[in-house]
Amino acid sequence: MKSRLLAIAMMLVLAAALTGCATTREMEKVQAEQKLLDAKVEQALQDAQAAKAAADAAKLQADDATARAENAEKAALERERIAAEKAQRADAAFQQSMRK
Amino acid sequence: MRMRRIVDPSLFANWLHFIALGISILALTGCAATKSAWLSPVLPEQEIERNRFAVVKGVDVIGRLAVIRVEKGDTLPDMARHFSVGINAISAANPGVDVWVPEDGERITLPLSFILPDAPRTGIVVNLATMRLFHFKEEGGSLTVSTYPVGVGTKERPTPTGQMHVARKASRPTWHVPASIAEDHRKKGDPLPAKVPPGPDNPLGEYALYLSKSSYLIHGTNKPASIGLKATNGCLRLYPENIGMLYQDTPVNTPVVIVNQPYLIGQRDGVLYLEAHTPPEGSDSSELKKINAKLKTIENKSARALDWKKVRIVQAEAQGIPVPILELRQGAEKKASKTIELKHPVTLYGRPEIPELKLDAWYVLAGDVRDEIDAQRLAAIINHQGPPIPAQVLSKSSKNTGYRVIAGPFGDVNEANDAVKRLKMDLDIDATVIEPVRKISRSSRY
Chain E
1 MKSRLLAIAM MLVLAAALTG CATTREMEKV QAEQKLLDAK VEQALQDAQA
51 AKAAADAAKL QADDATARAE NAEKAALERE RIAAEKAQRA DAAFQQSMRK
Chain X
101 MRMRRIVDPS LFANWLHFIA LGISILALTG CAATKSAWLS PVLPEQEIER
151 NRFAVVKGVD VIGRLAVIRV EKGDTLPDMA RHFSVGINAI SAANPGVDVW
201 VPEDGERITL PLSFILPDAP RTGIVVNLAT MRLFHFKEEG GSLTVSTYPV
251 GVGTKERPTP TGQMHVARKA SRPTWHVPAS IAEDHRKKGD PLPAKVPPGP
301 DNPLGEYALY LSKSSYLIHG TNKPASIGLK ATNGCLRLYP ENIGMLYQDT
351 PVNTPVVIVN QPYLIGQRDG VLYLEAHTPP EGSDSSELKK INAKLKTIEN
401 KSARALDWKK VRIVQAEAQG IPVPILELRQ GAEKKASKTI ELKHPVTLYG
451 RPEIPELKLD AWYVLAGDVR DEIDAQRLAA IINHQGPPIP AQVLSKSSKN
501 TGYRVIAGPF GDVNEANDAV KRLKMDLDID ATVIEPVRKI SRSSRY
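These protein sequence lines are chains E and X, in that order. Numbering of the first sequence is given in our numbering, commencing with residue 1 and proceeding in unit increments. Numbering of the second sequence is given in our numbering, commencing with residue 101 and proceeding in unit increments.
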């Protein structure tokens, strides 16, 4: 009877141990997986940050280019306006000079 | 039994040969036509009628529109004079084109088609709004019209409308300076004598037709670039070459009618045209209402629908050229006169000549500007003064950052000073006399 109980207990312990081992292994596996995942997340975060930084830089560049283009357009329009004004003034002076 | 051949091979071969030959001929013709098209495109025309046209009963539109390409150094006033149109007309027909420095290669419309004014087709008819004179003459049973651009009165001293006639005419007329004009000149610091004899300083030019309305003349000019401008004291000015023709063709007592019609409608070959000009300053919309009422009547009579949107665009753009707006006869618009491409003449008539630079001559510095276009414009304006003052742009040197406009050459300091005075009075330019680079001694003159 005793020996039977002992055997059962040993089997139970063994089973528990084995289970424990399994649990630990699982835990370790989970932890390892988690680590890997963490690393992936970290990588992804870094990638996202880098992408954002690149996007921000590109936007800044684009904004800068847009601003430069707008300024250039304004400057061109201003030059056109001045040229048209000069031409008008010249024409007005010419028309005046054509009077008797 | 021997089977008869259904097809005789020799006959078949002959047909094949004929077909092959036919195809070859067609192919070669096609090549020739294509080659011909590549080598001989439609050539621009050399000439176009500018002044004299037959007038057919029931036809209100004369002349043809043309286009021509600008060449380096052209100005719109020079092109206008060559083709006998006014500066107003060529500018209106080419909105946005720089009058003095048009772009090389730019296509310019020459407004050489006109709708006759709504007035009796007899004697001289002047339309102030279009700045154009029409002289109708019966010749051998048919009616002709000679037409010329004119300069008209300013806003302050407008040319009067109404009926009058040619009271007398004179060649090489003396200008008796009216008191009001003498006063204006005195105020400017440019006192005029009581009479100006014939010559380059006489604003009447070589010929004058004196009208029955006192003090009003049709005359020539010493300022050809003013034709098409509101620059006179009420008289009508013509290019020197046009007043000569009009003077020869116009007997005393010829009736003269002066109208002011900015909107004209007329028909030719089954098409109704509308010609719109900028209405006179300060005028109300009565002329517009009148013409629209006429158009409505025509629309009702013809039982065809007018494109009123197009009509409004033509009126707003006021380009001064006849625009087809209604087909009065089916298919008429397709057969209507098309705009022709004109070849650029070798020289433009009346274009001011720029003398070569002379180291022993006096010059006047008229301007020192940063922009080359501004310099070219200034030089062109000075060149087109009446009497002309030759002017040119000096190439940029390493020493100066701008473009210099110099007037001259002048024979002596007095001539140079006269030019300085004229530039100040007429163009408000502060010019500087430049001494000759090299003085030629008396002994070396020839």
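Keep in mind that the hints were calculated from the coordinates and are not lab data. If you're wondering where the values come from, they're calculated on a predicted model, not measured in any experiment. Possibly wrong hints are sitting among the right ones.
As the list claims (entries may be wrong) - Under the rule of at most 30 Å between Cα atoms (straight-line distance), these lysine-lysine pairs were calculated in the DSS-like manner:
1. X/Lys410 - E/Lys86
2. E/Lys86 - X/Lys524
3. X/Lys496 - E/Lys86
4. X/Lys458 - X/Lys435
5. X/Lys287 - X/Lys313
6. E/Lys86 - X/Lys521
7. X/Lys410 - X/Lys396
8. X/Lys410 - E/Lys74
9. X/Lys313 - E/Lys86
10. E/Lys86 - X/Lys409
11. X/Lys396 - E/Lys86
12. X/Lys458 - X/Lys401
13. E/Lys86 - E/Lys74
Taking the hints in turn, this is what the structure says about them:
1. A hinted pair counts as satisfied when its Cα atoms are at most 30 Å apart, and X/Lys410 with E/Lys86 does not qualify at roughly 34 Å.
2. With a C-alpha separation of about 18 Å, the suggested pair E/Lys86 and X/Lys524 falls inside the 30 Å cut-off, and the hint holds.
3. For the hint linking X/Lys496 to E/Lys86, the alpha-carbon distance of about 21 Å falls within 30 Å, and the restraint holds.
4. Straight-line distance between C-alpha atoms of X/Lys458 and X/Lys435 comes to about 56 Å, which puts the hinted pair past the 30 Å bound.
5. Between X/Lys287 and X/Lys313 the CA atoms are separated by roughly 28 Å; this keeps the pair inside 30 Å, and the hint holds.
6. For the hint linking E/Lys86 to X/Lys521, the alpha-carbon distance of about 23 Å falls within 30 Å, and the restraint holds.
7. As the CA atoms of X/Lys410 and X/Lys396 are separated by approximately 14 Å, the hinted pair is consistent with the 30 Å bound.
8. A hinted pair counts as satisfied when its Cα atoms are at most 30 Å apart, and X/Lys410 with E/Lys74 does not qualify at roughly 34 Å.
9. Only pairs whose Cα atoms come within 30 Å are accepted, and X/Lys313 paired with E/Lys86 is rejected, the gap being roughly 40 Å.
10. About 35 Å separates the Cα atoms of E/Lys86 and X/Lys409, which puts this hinted pair outside 30 Å; it is violated.
11. Of the pairs offered as hints, the one joining X/Lys396 and E/Lys86 is violated, with about 43 Å between alpha carbons and a cut-off of 30 Å exceeded.
12. For the hint pairing X/Lys458 with X/Lys401, the CA-to-CA distance comes to about 69 Å; that exceeds 30 Å, so the pair is violated.
13. Between E/Lys86 and E/Lys74, the direct Cα distance comes to roughly 18 Å. Compliance with the 30 Å bound is thereby established for this hinted pair.
Hints 1, 4, 8, 9, 10, 11, 12 from the list above are not met by this structure, while the remaining hints are.
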